[in-house]
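Going down the list, the sequences are from chains D and E. Sequential numbering of the first sequence, starting at 1, is according to UniProt numbering. Sequential numbering of the second sequence, starting at 1, is according to UniProt numbering.
Calculated directly from the structure, the hints in this document are not laboratory data. It cannot be assumed that every hint is accurate.
Copies of the same chain look alike in the list, so a pair counts if it works inside one copy or between any two.
[As the list claims (entries may be wrong)] Okay, derived cross-link-like pairs now, EDC-like style, lysine to aspartate or glutamate, Cα gap no bigger than 20 Å in a straight line:
no.: 1; residue 1: 258; residue 2: 11
no.: 2; residue 1: 20; residue 2: 70
no.: 3; residue 1: 393; residue 2: 158
no.: 4; residue 1: 258; residue 2: 8
no.: 5; residue 1: 83; residue 2: 150
no.: 6; residue 1: 81; residue 2: 70
no.: 7; residue 1: 148; residue 2: 341
no.: 8; residue 1: 43; residue 2: 54
no.: 9; residue 1: 20; residue 2: 67
no.: 10; residue 1: 83; residue 2: 36
no.: 11; residue 1: 74; residue 2: 365
Number of protein chains: 2
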Amino acid sequence: MQFASRLDNVETSAIRELFKLLGTPGIISFAGGFPDSAMFDVKGLKEAANRALDQEAGGALQYGATEGYEPLRKQLSAFMKTKGVEVDPSGLIVTTGSQQALDLLGKTMISPGDKVIVEGPTFLATIQCFRLYGAHLISAPVDANGVKTDELEKLIAEHKPKFVYLIPTFGNPSGAMLSLERRKKVLEMAVKYQTLIVEDDPYGDLYFGEAPPPSILSLSQSVPGSREFIAHCGSLSKVLSPGLRIGWMIAPAELLAKATMCKQFSDAHTSTFAQATAAQYLQSGRMPATLAHVRKVYGERAQAMGAALQRELGDAISFTQPAGGLFFWARLTGANGKLADANVLAQRAIAQLVAFVPGAPFFAENPDVATLRLSFATANVEKIEEGIARLGKAL
Amino acid sequence: MQFASRLDNVETSAIRELFKLLGTPGIISFAGGFPDSAMFDVKGLKEAANRALDQEAGGALQYGATEGYEPLRKQLSAFMKTKGVEVDPSGLIVTTGSQQALDLLGKTMISPGDKVIVEGPTFLATIQCFRLYGAHLISAPVDANGVKTDELEKLIAEHKPKFVYLIPTFGNPSGAMLSLERRKKVLEMAVKYQTLIVEDDPYGDLYFGEAPPPSILSLSQSVPGSREFIAHCGSLSKVLSPGLRIGWMIAPAELLAKATMCKQFSDAHTSTFAQATAAQYLQSGRMPATLAHVRKVYGERAQAMGAALQRELGDAISFTQPAGGLFFWARLTGANGKLADANVLAQRAIAQLVAFVPGAPFFAENPDVATLRLSFATANVEKIEEGIARLGKAL
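Produce the complete structure using the sequences and hints provided.
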């Protein structure tokens, strides 16, 4: 069977092989990218689903508008308002998880050979998703304050990309938080170079201390002319439940209309049953308490992992303590002749019954093999301490 | 903003403009392609959703395997067995409605310029979906017994298509049922020309009298070598609820693996919440009674519409009484100097407060402007009689 030529652009084996080993009994895994099931507000979601079927069964079970189920669009508009963004319900579309927002951006915007700038490192599924549409990806370097805007500006000027894709707040895998100053610079560049900026923001609500700076979308309201160059992707997956597959995209009207047309032929619409349930949940007013709970638990786990990494690996590893999100992004320093290849460490770690993800596959170009990603989301403090101790032994 | 070149291949305005008029007060619509909300087994689905959240909240709310939620794959395997198909749960993947199965086939199989043979007429969203991947569509003619296999064979031999896409049972819009003899011919052609056949089957369970012939997939078990050339798309949308967005695809292992990889970057996975609910529903044993109910109600409506069309439009219209599905496919004959252009009739009909869809957009090439599609699914018998009387006046 001869498959489409676009499949030649993707390579998925790297992490897949590792994940096959995660079933090993007794393993402590920091490899996943998912939230802890124990955080799910099952009671609240159950009530929401029942209200949806009691009050609006016709809407919840029938075909719906491709743009999204109207009551959910209204609730998401209100939710965005709590985060400083004024957007009419008609200014957003509901997507099947924010992964679909990325797919629709690819389908709508990328012709084969088009250049797209991403962070180095960036979300693995973004790399593959855009490459399936033939994108030529260019990496902009990242430090503890997010993407380096000076370097980014040079790349935009040189490559004139179709768009720039950023995860500015507690990004996967970098965990970094783009500073307020750099956010403003990104907006100025959007206007100066007339370049679309895609802000992917699934983690912005998961902060542990002070709230992060406002989103790029929110700040665009104070940088004249910039709003029309911003697309923003949101998600309920990390804060409420990934299984609902509820994401959304806010974008200029013309882009939103084209993305909606593409979505019509991708999956017609996102499950109205899941949408009605999410709308009822948001309306119930339980979200603030849910957010407070996940922030507290993940914050404690992040604290524990940072302390354990310092205690167990010392100067053989460098990292910035994340202020939110689900991930530590770390680098093996090679100090004292210790290992500096995270791929080799990953193999040794499995033998010690602890797992993480090497960082190299997260780079669209110029992979740094000394890097690694550790999730603190799904193991409790005790397991985190035990797991990092095993990692120290593996090193 | 400059969009991807693939968007130049699609045209969606034709029916969209008509649908804007459907909100007119007092209109009787035969234009939709959806089932009647009053048929939904709300009680059964509510019980299923509650059981899913009571018994398996972790699975129902967490990220899941791209291939599908294992309990649902098992139930769908058992469901297919009741329809004469032996398929292991690992031999099918769950899709976000069968629309997504079409999208994944396009993404996996179609390189720009590749030829694909479809029925003329065929499902509108299939035409647009495949064209977004750059397909060059070729139409095979259809009569009351489905696609004309002699013509199809000539087209396959001439064009060597990437695959052939058929809706053999009560197709949208043709309503036709491919005869047993022709099904066998299709299978022989698949082997002879080593050509993938895609069988889209969302309507096969909606028969009004005798059951239709077995699906092409089912029959492939008795035509040596043919099974490896069959992909089959199923859906719960027409028989249970479209809002769940639960479809599935059965295909050769290599194709299924590639489609799964594409799905990973399209939406990660179908809502596990919807999947767990569907699995619980299928397990509950309510499906046979639900099917019996929808068959009875839609059968009565189809009967009423056929009688009314003959009574009110006489020899100005020709059609075959459908033996299942949701649609009448009809042709204006122009007899006695009556109108023979369904686009003009559609405008006049709106003025008489009745709506249907002109047939021309359902043709990938060589549109027949005398054709039209009428859905009998959502209006009761009384409304159907009133609506067809209005249509007679419009003509």
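Verification of the hints:
Taking the closest pair of Cα atoms, residue 258 and residue 11 come within 20 Å of each other only across two copies (12 Å); inside a single copy the shortest separation is 28 Å, beyond that limit. In this assembly of identical chains, residue 20 and residue 70 lie within 20 Å of each other by CA distance solely across copies; the values are 17 Å between and 41 Å within a copy. In this assembly of identical chains, the alpha carbons of residue 393 and residue 158 never lie at most 20 Å apart, being 46 Å within a copy and 65 Å across copies at closest. For a Cα distance limit of 20 Å, the shortest separation of residue 258 from residue 8 across copies, 11 Å, qualifies, whereas the shortest one inside one copy, 26 Å, does not.
Taking the shortest alpha-carbon separations for residue 83 and residue 150, neither the intra-copy value of 28 Å nor the inter-copy value of 62 Å comes in at or below 20 Å. With identical chains, the CA atoms of residue 81 and residue 70 are at most 20 Å apart within one copy only, with a shortest distance of 17 Å there and 38 Å across copies. With identical chains, the CA atoms of residue 148 and residue 341 are never at most 20 Å apart, being 25 Å at best within one copy and 62 Å at best between copies. For the homomeric pair residue 43 and residue 54, the shortest alpha-carbon distances inside one copy (16 Å) and between copies (9 Å) are both at most 20 Å.
When the C-alpha separation of residue 20 and residue 67 is checked against a cutoff of 20 Å, the pair qualifies only between copies, where the shortest distance is 15 Å, while the shortest distance within a copy is 37 Å. In this assembly of identical chains, residue 83 and residue 36 lie within 20 Å of each other by CA distance neither inside one copy nor across copies; the values are 24 Å within and 39 Å between. For the identical chains of this complex, residue 74 and residue 365 are neighbours neither inside a copy (40 Å) nor across copies (41 Å), given an alpha-carbon limit of 20 Å.
This entry does not satisfy hints 3, 5, 7, 10, 11, going by the numbered hints stated previously.
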